Every structure is written in C-alpha cells, then in structure tokens.
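Trainee: Below are the chains, spelled out letter by letter.
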Amino acid sequence: MDIEVRKRILKFWNKHQFSLLLFFFHVCFIILIAIFGRYPNYQLTSNDNSSFSTTYPMFADVNAMIFVGFGFLMTFLKRYGYSAVSINMLLATFSILWSIIIRGFLSEEFSNHGHFILDTTSLVYANFSAAVVLISMGALLGILSPTQYVIMALCEIPVAMILEHVVAELFLVSDIGGSLVIHIMGCFFGLGVAKIIDKKVFHQSEHEGSVYHSDLFSIIGTIFLWIYWPSFNGALADGDYGKERSISNTFLSLVAATITTFITSNLVNSNKQFNMIHVANSTIAGGVAIGNVANVVTNPWVSIVIGSIAGFISVLGYEYLTPLLSKRGGLHDTCGVINLHGFPGILSGLCGILFAFIYTKDYYSNDEYYFIYPATRNGRTSSKQALYQFIGLVITLFGSLIGGILTAIVLRIPIWNRVPDDELFSDGEYFHTPDDYEFTTKLSSNAKNLKIQNFNVENV
Amino acid sequence: MDIEVRKRILKFWNKHQFSLLLFFFHVCFIILIAIFGRYPNYQLTSNDNSSFSTTYPMFADVNAMIFVGFGFLMTFLKRYGYSAVSINMLLATFSILWSIIIRGFLSEEFSNHGHFILDTTSLVYANFSAAVVLISMGALLGILSPTQYVIMALCEIPVAMILEHVVAELFLVSDIGGSLVIHIMGCFFGLGVAKIIDKKVFHQSEHEGSVYHSDLFSIIGTIFLWIYWPSFNGALADGDYGKERSISNTFLSLVAATITTFITSNLVNSNKQFNMIHVANSTIAGGVAIGNVANVVTNPWVSIVIGSIAGFISVLGYEYLTPLLSKRGGLHDTCGVINLHGFPGILSGLCGILFAFIYTKDYYSNDEYYFIYPATRNGRTSSKQALYQFIGLVITLFGSLIGGILTAIVLRIPIWNRVPDDELFSDGEYFHTPDDYEFTTKLSSNAKNLKIQNFNVENV
Amino acid sequence: MDIEVRKRILKFWNKHQFSLLLFFFHVCFIILIAIFGRYPNYQLTSNDNSSFSTTYPMFADVNAMIFVGFGFLMTFLKRYGYSAVSINMLLATFSILWSIIIRGFLSEEFSNHGHFILDTTSLVYANFSAAVVLISMGALLGILSPTQYVIMALCEIPVAMILEHVVAELFLVSDIGGSLVIHIMGCFFGLGVAKIIDKKVFHQSEHEGSVYHSDLFSIIGTIFLWIYWPSFNGALADGDYGKERSISNTFLSLVAATITTFITSNLVNSNKQFNMIHVANSTIAGGVAIGNVANVVTNPWVSIVIGSIAGFISVLGYEYLTPLLSKRGGLHDTCGVINLHGFPGILSGLCGILFAFIYTKDYYSNDEYYFIYPATRNGRTSSKQALYQFIGLVITLFGSLIGGILTAIVLRIPIWNRVPDDELFSDGEYFHTPDDYEFTTKLSSNAKNLKIQNFNVENV
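Chains as they are written, first to last, in numbering that gives the first Met the number 0: chain S, 0 to 459; chain B, 0 to 459; chain H, 0 to 459.
Okay, chain S solo, but in the shape it has when bound (with noise of 0.2 Å):
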C-alpha cells in the first residue's frame, strides 16, 4: 500500500475510531438482539405477575445506583467530572446491551428453545453486569480514552459472564449480592489492567486530586449507592422473607461500616481530621462486605460485625496500602476500588464459606434454604457447599486477573487513541469545556499560597 494512502487511513482512524467501532458493535447488538431476544410469552400467561410489584421497584434502585451512584462518585477529581459522569453512562449501557446478549447465549432457556427472554429481572441482571464494568472504571479512572473503555468493556463482559455462569450455575455457589462475580470480578479484572498499563506518569500527575465541590458532587454518589444497596442484595433472593432479610442485613451492615468508617478515619489521622475519599468510600463497604450472604445470616447482630469489619480494613486500604502500591507496587488504582470493592469482597467470599457451615437447614424454613443453596437440595452437604463457595471464590479472584491482565495487553496494541501524559485525569482531551474549566480547576491547585485580602484590595 502506499505510504500516503496508509497514512490518511490512519488519520482517519485514529480521528474515526471511537465512532466507527461503537457504531459497529452497536449494529452487532441490534442484530443478535433482534434474531434471538424475546420478551416473555403473554399469550400465555395470565396479566397478573406477582414478583413484578416487588421486583420492579429494587430494579428502579439498582438503575439510579448504576447511573447516579456510580456516575457521581467518580467525579470526585476536579477536572474530570464531565468525564465521569458520562463515560459511567456509556459504559453502563454498552455494558447492559453486551451482557444481555452473552448471557442470553449463555441461558437454559436459549440451550432449549434457542432465542433468550428479557424481563425485569434480566434488566436487574443486565444492571448487574455494568456494575462490573464500572468499577474496573474506577480503578482506571483518567487513565483510558473512550475507545480504550469500549474494548475493555468489551473484553470484560464476556469474561464476567462465563465466570458467572461457571460459579452460579455450573458449582451453584451461593452470591446474592454478587460480592464474587460482581465486586471482586469487577475489581480485580481492573488491577489486572491497571498493573500491565502502567506508566510513571500516572503517579506524579498534578491533575489527580478533588477540589472543594467536587468532593460534594462526589458524596451524591457515595449515598445513593448507600440508600439502595439494600435493594442491590435484595433484588434476586426468593420470596418476601427472603428479600427482607437480605435488606435487613444490608442496611446494618451499612450502618456499622459507616460507624466504623468514621472512628477509624479520625483513628489514622494525626491531625484528628477525617478524610472525605474515607466517608465517599468506607461508609459504603459494608454493602459490598455482606454481598455474598445478605440473604444467609440469620441473626442481625452478625451483618453489624461484618459490616464493621468492612469499614475498618477498608479506610486502612485507603490510608496504608492505596499509597504502598502507588510507590512501591506500581499499580495505580484512582478510586481504590481494592478497599471499597477488593477487600470487602473477599472478606464477603470468605464469610460464605465459614456461614456455608454455620448456617444450616435448620435456620430456615425449608424452601428458603434450597433456594439460597440450590445443591443442597439434590444433597450436597453443608461442608460440600462451604468447599464450592471457596472455589468459587478461588474462581472470580483469578479467572479475573488474568482476564484484566490479557485485556490489557489488547489495550496496549497501539492502534487506538490514547491520553495523553498532560491530559491524565482531565476533560479536556476528550470533552468540550466551558471557559472557566482551567480557571476553576488550575487555580485550585495554587490557591492554598493565596491570600485574599490582598488580592481584593489590589483588584477593585
């Protein structure tokens, strides 16, 4: 080819290629949509849907933790807000469209009948699945071009799903809350990436760090994702009593993480100051802590200690260890999804495999517990059960490693857009600004060495 032509066809690509490969994959996923995707059969059912008036309005939950929750606690950096915001909403709808048809692929219902059904509890599970993708965001927030987010989401959703399917309903492991093939998935798939991408640069930029009101809009998404989580755990468990334990569990898991959130952030600090990314982050730990046997734990005092466990570790994760890996580990990880998600995702993974003993049939009515088991039923036995749950655990915790480590070598591949070093954790490269955007988020950098007084005398 010549060396012109080449040349223009790369111009235009790297000009073209975020709209050109969305628009592709988007095309791809009207197609499989529309030859496989059905919505149930009203023909034959009555019009009356029992679990709709409970399910419909947790799904309502999760859908503003998705796009509020996760969309504003990321846009704690101060010139990254515009990006945070509405990549989060790329990302989480490429990802629902993505995981519907993959996991349809992957459905009883499509080895049987060969087409996959959508109702609300799909879109629960489709919600689900942006989770995932969104905090491996997080771990990578201001580091990837829109293009480079696509293709990991595009990598990491099937991956998420075939990890999904092997611990849920191959090992039938037990993860309400999805603190395995959720949190966990999510997290660790994005250290993979962020360990094999990484660069000195994205250490020393003086771009990473919050302004005032960015902290405030910041904390929007902190507590939306605290007032549902409850109904994050509770969505998919098994009947009435079943959901209201799950949320019962929820919440004070909750609450006991941000109890403890509070007393260890005072705890670290030498100036008894507490630490706003503590309050944003640890507070909402104990959501993820208690993911995996929300609907398990039968005494209330139990998700209470779980969940102050959960704040604990993860504002120590925060204070010591975010920085150890920063310096010394090489892995820059923006929004330390490893304490908010890492962390209190294995310490929930380990919980269902001691509880998986604890609590047996006896602890509820009999229904409930083959639900909340399923093996249980065709007479797997209590340690049996513990054992899946472990390998489950074993499962997500590597299986999305490597999964982030070969997705990041995809993103190495020179071919798509990258940020560059001076546009880290910014707006700018990839967003229309307003013109105030460097004033309001340069200034900040220097305005400790302002005093006002003189300025205003000066001035007038």
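If you are wondering where the hints come from, they were derived from the structure by calculation, not from laboratory data.
Just so you know, same-sequence chains aren't split out, so a pair can sit in one copy or run between any two.
Below are the SDA-like pairs computed for lysine to any residue, each with C-alpha atoms no more than 20 Å apart in a straight line:
#  : residue 1 : residue 2
1  : Lys6      : Ser269
2  : Lys199    : Pro419
3  : Lys271    : Leu315
4  : Lys14     : Glu318
5  : Lys198    : Ser325
6  : Lys14     : Leu266
7  : Lys10     : Val267
8  : Lys194    : Glu207
9  : Lys14     : Ile412
10 : Lys194    : Ser144
11 : Lys14     : His431
12 : Lys199    : Pro322
13 : Lys383    : Tyr369
14 : Lys194    : Arg411
None of these values were measured; they are calculated from a predicted model.
Once you've looked at the hints, dock chains B and H against the given chain S.
Mentor: For chains B and H alone, kept in the frame of chain S given last:
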C-alpha cells in the same frame, strides 16, 4: 382617573403583581377543589387496593423526574441555577393543582356525579401535566419573568387538558407515555410562545452559557430523568405484563439513545470532543421516542432501533438545527426542547401510526390489546386506529402551536413584569443572590484568558 | 496523680476522645443487639409477606430522605459542606442502631419474650428516629464538635424513645407522620440545647452564609425531602387506602406550601426577590404540618389549606422571627428548624386536636377509624381523643425542651472537644480540606467588591 393615582396603582401593580395574582389563583384553586374534589369513597371499598402497591412506587419515580429531573436539568445556565430549580418547583406545583381541577371537570365522574375523584392515579396524571408546562418552560428558560411563567402555565394547562381529552378520551388514541399529549404538546406550545415573543437580544446575551460545575448540576437532572423514565411510560399501562413491557421497552430505548448520542456527538465534532449538551439531553430522547408505543412494542430490538434513531436525530438537532433556528429562524429555544421533546415526540407519533397496523391482536393476550386500543373493542379496525393515531399527532402538533401563539399574545400585554435585557438568563432580578454570584458567574466568561501562574505570583 | 501523667492523659483524651467514645458505644450496641435482637421467625411464617411489597419501597424513600434529604439540605453553609453531609451520615447511623435498641427495650415483644424483633417496619422506625436527631443537628449546625454531636445523639434518642412510647403507646395519641414525636421533638430538643450553650460569637461569624453553588447543593436536599415526604407520612398507615390517603394529603399539602412560600417570600421582600432560604425550607413545611393528620383528613381541600398556612408561617418565621431570636433572644438556630419543624409541627398538633372532634367514625370504613385512634375501640370518645392529642402535644413540647436543656448541661462539661471560635461553621478543624477550600469559601465573602474586568486585564 387622576394621573397621580393611576401612577401609584401602576407602581403598586408592578411591584406586587406576582404575589397578588398567585394568591388569587391559589384561593380559586382551593375553593374549586373544596367544592368539587373528593377522595375515593372508603366506606364502599375494601381496605385492599391491588393497584396501589404497583402504582405508588411509579408515582414516586415520576415525582422525582418532575422535581429533581426537570429542575436540575435546567440548572446548566451559569447564572440561572436558583431560578431554574425554584421556578421549576413553582410551575410544577401550580400546574398540578390547576390540572387536577381542569382534568376533573373533563372527567366522566364529574359529568355523572358533579364531582371528581383524587387517587394515586390522578396524582400521576397531575405530575404528567406539570411535565407539559416544564417542557415549555425549557424552551423559554431565562426569558420570562415569574409572573409571565405563571400566566403561561395558567393558559397552557387548559389547552393541554382539552387536547388530551380530545385525543385520548374522544378519539381513543393510544399514547401511554404521552409523546403526543405531553412532549409534543409542551414543546410546540413553548416554541409557539418563543417565536412570537422573540427579541434580537435573546440571541446575543453573554449570560447564556454554562460553567464547569453548572453542567454537573444539570447532569443530575438528566440522570434522574433517565433512570425513572421507565416508570413514566409504564405507570398507566394495564396490568403487570403491560407495565413490565412498557418498562423494558423504555429502558432499552434509553440505553440505545445513550449509545447513539455518544457516537453522533463524537461524529459531528471536528475535535472529536463530546458535548455535554448532547450528553445531558439526547441520551434521554429515547424515553420520549418510545413513549407513544411503549406498551405496544413486543420485540425488544424494535425499541432499541427507535431509541437509536432518537439519540441520533436529537444530537443532529442540537448541533445544526438549534443554531440555525436562532440565527435565521428568529426562534430562541434555550434548552433545545425541539431536539429533546419535539422531534423524538414526532418520531414516536409516527411509530404509533405504523405500529397500529403492524401489532395486531395476535401479539397480545386478548384483554391487553383492548386496553391498548380501547376502540377496537367496539370494532375499530387496525387501519382505522392508525388513522386516529395520525389525527392525534396532527391535532396535538397544531393545537399546541396555536395555543402557544395565543398565549404569547397574552404574555406580550405590557401589564406583566418583564426581564430587563441585561438580566436575561440571570437570577439577579428575581432572586436574592450571595456575595460570590457576580464573581462566580462573570469571571467564568473571561477566565479563558487568565493565566493562573502570574495571578498567583502577583497577589501573594 | 502526678500532674505530668494527668496532663498526658488529658492530652490523650482530647486527641482520641472521638474514636474512643464512638468505638465504645459501637461495641455496646453490637453486644446489646447480639443478646436481644432477632429477625422474625421464618420457620413459623409462610414465604409470603403481603406488607413487604408496599412497605419496602416506602422505606427506601424514607432512607433517601434521611441521607440525601437531610444531608444535602444542610450543605448550604459555604464552609461546612463536608461536615453537613458527613456528620449527617454519622449521626443517622448512630441513631439508627441506638434507637433500635431503646425502642426494642420498650417494645411489647421484649416485655413478653425478652427480645425484640427487627423487620422492615423496625427499620422505618429507626430512620424516623434518625430524623429526630438530624433536626436537632440542624438547629446546632456548625456549632458542635463531632464528639459533642455524638453525645447529643446519645442523650436525645432515649428522650425521644420514651416520649414516643408515652405518647403513642400509653396515651394512644395519633401521630402517623410524627409531627409531635419527630418534628416537635427534634426541633425543641435542639433549641433547648442551643439556648443553653449560646455564645455571642455564634451570632457574629462571617463564616455563616452561603455561596452560589452551596445553595444549589442544599436544594438537592430540599427536593428529595419534598418528593418522598408522602412516603414518610404514609409508610406506617394502615392498609392500602390509609396509605393512599396519607400520601395524597401529604402531596397536596406540600404542593400548597410551595405555592404560598413563593407568594410570601415575594411579599415580604422589599426588592421583590425570592429568598433561597425560603425556597429550600418553607416549601417542605407542608410535609410537617400535615404529618399528625395525614391519615385523618378525608377532604383534599383541607390538606391544601393546612399546607398553605404552613408555607406562610414558615416564611414569616425565617424572615422576622429567626433574626429576632438571634438578636434579642440569645438563641442561634442555624437552619431555622423552628420555622421548618417547630411551628409547622405545632400547627399539625393543633389540627390533630381539632380533627379528632371533626372526623368521626362515619368518615371511614369502621376498621380504619379504629386503627387511626386505637383507643376508640375500647370506648374512648372523640372529645377524649382530642384531649389526649392535646396532652401529647404538650408533653412532647415540654419534654423535648427539658431534654434539650439537660443535654446542653452535659455538652457544656469541659471534657469534650469544642469548636474553636474561628472555626465555627467551618470544616477546617475536623475535615481534611483540599487546596481551594480557603479560596473558594473566603473569596466569596469579599467578592461583591471585585471588578472582574480590571482583574482580568491586570493579570493576563
């Protein structure tokens, strides 16, 4: 009358017209509701109301859309945040009471028994009517005085109620999400007003524009509209399966619109930068576009296609049409409602016509078909239904436009307070503002020339 | 004891008192809940819980009110945003656990079986108790240290629980939305504290005040309180119709309060400018004022009148009373809770007395009347019920005031950390703040004299 007395009366009127008028209207509302408004008769009914448990959560979602969604979506203007969110509350509440009365007078209950009934469904309808007025407010954002906004709502609600009555009750046109009677109605009424009251200065104000944080406030509104739009389109659907399908279709349409918004926003920008105006508005065009047919569509891919088209045309509208209308058409549409509600609403109406042909009785369990198209129960054919859908579209479009034009003539009567030219798109005239208001909102306009380093050195 | 040792202990105590105390309380909570707290016995009940599907969505709404609503409503202070939203989380979660325990000890289940039950309804109650403490926090916003806030909550919850028990359980006073036991309780307890701890410097701080964007954050809180208040007043109502009527009454009252807030805010201002303090607070006074009678009123217009009065008196209070109390009364009420919760709460209590006379058994299906006024089942007459409503109002008012005064004496013990005078209404002492904190929050105070044009020219 003595000139001096006239002057004093005029001065008094100019000063107090807002509170006098609003007080007068409010007292009238109370009297009318006292005479004609009733709750359902609890003595005649059991304590159990099966629709309540599904309808109320959806009402709460719609409530969030009206007050959080519309309110914050309009805070994008850098100097008009107080007004946007406050006048939004004022117009919404005013329209709620006023529409309860007018819709009540048009109800069957009223013509049979001389009173009207207020239940949860009535409150959903009242919130829908608030949406109509808030859409028109969007077209005129920053241009009318509080008095003028109230007068506009006063005129608009009867127009909207009569059109709704004609279209939905007399012609039995299907419009579950109100694409015709809410979105087209609100949009073209607002544009009708905007065209007539247009002044050159509207197109030249330096106050029109956003700052970094005002865009982030705005996107709060976007996302709350996004997440709860399924409830908006599903709240009045018949039965659990009707609601579920309306919800799924709306969700998929929003997802698709979001993806195509990012594709198109990238495509049309020469620097390959996303535009927050598109992200904030076109992503939710999918909710409008599926509105008319949310309960009709029985294939998921169809909703995805509709949403995709909506996001695409909405971005194109913002990019090319709105500037053109402003420059050449003498039409200032502050929020670009023509691109968010207008064209997607028309698209939805066209789908409604087409689908009345396509989706015949065979696609539904019998009862549901008759609920979607009630006239078919009495023998109306598919093609006749399609004709009525067409008539409904035309009536709403022209009816709202004419209503807007007539209302504009009322608004131009020189007895109402008007926004001074230099306070267009600004809070200063009608809201008490804090000390930093001028600095925060004016600095921004000049901030792009500011070099922070110099500034710092000189002032410390 | 050696003076040196005493000094070191004192220093240690001053430094670590917050985390030590909170850790101690938290461990006590866990132990008490471990011994006495139970979930409902799932073995004895079917898997179907009809109240769950209606109660849980309302619980979620109340949850949003507590954490988003109260949290953001209090972010209006320009330098106290971190504290407002964070301390709100801390006090809410602390109060939730503590109230679960105390209310548990006062429950019938506990006196019969020696343990208390935790279900979704308990969690609604726990959130209600959080509201009590957060209202008091509003009166004292910016004035107490974190330690003092926690001590306040520690003292307040038992007072509130005992008053609630006496009023609702022993005297069988009707108070569905908690106007007495939540709003009056929280308000006058807070004012009792404020009166006793008052210092001249509270009234003179230049840090008290808002900036443009802090007011916008604050209105997020307002609107979430507004939209979900119907759930707050309806969550505990009996049956679907009782819930529906509570919801409709609350919604109409809020609508009316919003309209009269705008009328009155305009009326009292000499420049005819609306005041954001009124918009942010008085618009929701309608929710308080209908609280006591939300399930009682059976005529929609009555709710509208109650809401209208509430908005009116609330604005008058903010405009005239709060400055007077501060200037002459030696009472600093940062959020003006007397105008949002105090007077509207008393208004609601008075309506409760009056309506116990007016709305007799004939207005309801029999069962519902007996639920609203349980004592009438055992022969209590309407007028006697009215007397009890009066007694309930008086007890709550004076009980909370006395409780607040006694608590203030505890708070004045010189062993607790106190806010330094120059850090009143400021985050700086207790929160790690970003670089722009001083600039963003101090510039504003001087910004009104700043001419941007000059500033620009000189610095480029």
